[in-house]
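Using the sequences plus the hints, can you model the full thing?
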Amino acid sequence: MLDIFSTMNISASGMTAQRMRLDVIADNIANAETTRTDEGGPYRRKNVVFQEVLNKAMGVRGGSTNTLATDQLGGVHVDSIVEDQRPFKLVYDPAHPDANEEGYVQMPNVNVLREMIDLINAQRSYEANVSSINATKAFASAALGIGKG
Amino acid sequence: MSNGIDPISNLTSLDPIKRLERIQNTQVSQVKKGEAEPDFQKILNDAIKGVNVQQKDAIQAEDDFAAGKISNIHDVIIRAEKAAMSLTMTMEVRNKIVDAYKEIMRMQL
Amino acid sequence: MNGFFNSNFSTLPAALDAASTRNTIIAQNIANAETPGYKRKEVDFETYLQQAMGDGDGLELKKTNDKHFKNIPQQLEMLKPESEPARIPELPTTAITWTLTNKRLCWQPIPYAIRH
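Residue numbers (numbering that gives the first Met the number 0), protein chains in the order written: chain G, 0 to 148; chain S, 0 to 108; chain L, 0 to 115.
Treat the hints with care, as some may be off.
Pulled a few chain L residues facing chain G out of the computed Cβ check, cut under 10 Å [to be verified]:
| no. | residue |
| --- | --- |
| 1 | 14 |
| 2 | 19 |
| 3 | 22 |
| 4 | 23 |
| 5 | 24 |
| 6 | 25 |
| 7 | 26 |
| 8 | 27 |
| 9 | 30 |
| 10 | 31 |
| 11 | 32 |
| 12 | 34 |
| 13 | 37 |
| 14 | 45 |
In short, the hints are calculated from the structure, not lab data. All of these numbers come straight from a predicted model, not from anything done at the bench. By construction, the Cβ of each residue, glycine as well, lies at the ideal position given by its N, Cα and C atoms.
What follows is the structure in structure tokens.
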């Protein structure tokens, strides 16, 4: 049965996922120049992996994925936080305490401009989910207006 | 003997209103045999219980957020909003039921 | 003629259900806008309603005789003049409608609503 609140749960899961993405982006930006971590090397850029949430079908439904029931939709959740395996940036700085023999320092593979763009995207997605919740509330309010006027 | 069909009668039989009526008459009735008819009192009771559950959930969410157990503010806001919506919808259902009752009571017998 | 005021008139509530379902699907699409490999979902209610109402061309009728109807024809097809014997023609697989092209009415195909 389609429950108006389960629609808001879908958007709530989207907002939670975007918040976690924001956390990861903030981590990347804060550690954009960290050369020492607990594992020894410089900081590796992190990334979130989203996954769609589909609950198991209750009762008998059409077998193919084209005939989903709306009560199976669960929104999105963060599957894992993975590290970006691209190589570190090499910066020539012999005075740096972490420079190697040739004077190169391994810097984190974080592109701050790219992170800023991701930040704005995450913010827009968050606001889009807020709009979705407002639209759902407008649906319910409009239904309450049946028969008035 | 004509091979064709009379266009005019077929045109009327394809009238949209009649088509919709055909669909309606083939639809399964919503209340199946053996089930009790929808009871207004039961509907209202369920709605009030739902409102109670949502309100308690919203108060709990606010307490958890103040204590730091919930890290996402939107969870608190959404639960509070659900409680408010439950209350509004239950009030509307109650108003409609009371209006229907008054309408029936107004009938002169 | 009790068309619109029939108490069993349930096409409109069904349309409301369709709008509400569409809202849920759109919320799912928004929440999964950046999920890799996610396929956008869509609600295609009008096509099925048209088929049920007999407007669509995909509705095939069983025939026991070659002279029986093959498809439920478009209304406009019935308005052709009586100069030729009134046979029900075979309709193409896309919906066809009248359009005004170069100041002349002619048939133009329009595509169906596409699901992913």
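The hints, checked one at a time:
Given the 10 Å rule on beta carbons, the hint for residue 14 of chain L is violated: about 13 Å separates it from the nearest Cβ of chain G. With a least beta-carbon distance of about 6 Å to chain G, the hint placing residue 19 of chain L at the interface is held under the 10 Å criterion. Checking residue 22 of chain L against chain G by beta carbon gives a least distance of about 6 Å; that is within 10 Å, so the hint holds. Taking 10 Å as the C-beta contact cut-off toward chain G, the hint placing residue 23 of chain L at the interface holds, the least distance being around 5 Å.
Given hint, residue 24 of chain L at the interface with chain G, holds; its Cβ is 7 Å from that chain's nearest Cβ, closer than 10 Å. At a threshold of 10 Å, the smallest CB-CB gap from residue 25 of chain L to chain G is about 7 Å, leaving the interface hint in force. The beta carbon of residue 26 of chain L is positioned within 10 Å of a beta carbon in chain G (closest approach about 4 Å), and the interface hint is therefore held. Hint on residue 27 of chain L holds. Least Cβ distance to chain G is approximately 5 Å, under the 10 Å limit.
Interface hint at residue 30 of chain L: satisfied, since its Cβ lies 3 Å from the closest Cβ of chain G, which is below the 10 Å cut-off. Of the supplied interface hints, the one on residue 31 of chain L holds, with its beta-carbon coming within about 5 Å of a beta-carbon of chain G, less than 10 Å. Satisfaction of the interface hint for residue 32 of chain L is found here, the shortest Cβ-Cβ separation to chain G being roughly 6 Å, below the 10 Å cut-off. Hint status for residue 34 of chain L relative to chain G: holds, with the closest Cβ pair at about 4 Å, below 10 Å.
Contact between residue 37 of chain L and chain G, as hinted, is supported at the beta carbon level, the nearest pair being about 6 Å apart and thus within 10 Å. Interface restraint check for residue 45 of chain L: the shortest CB-CB distance to chain G comes to about 17 Å, outside 10 Å, so the restraint is violated.
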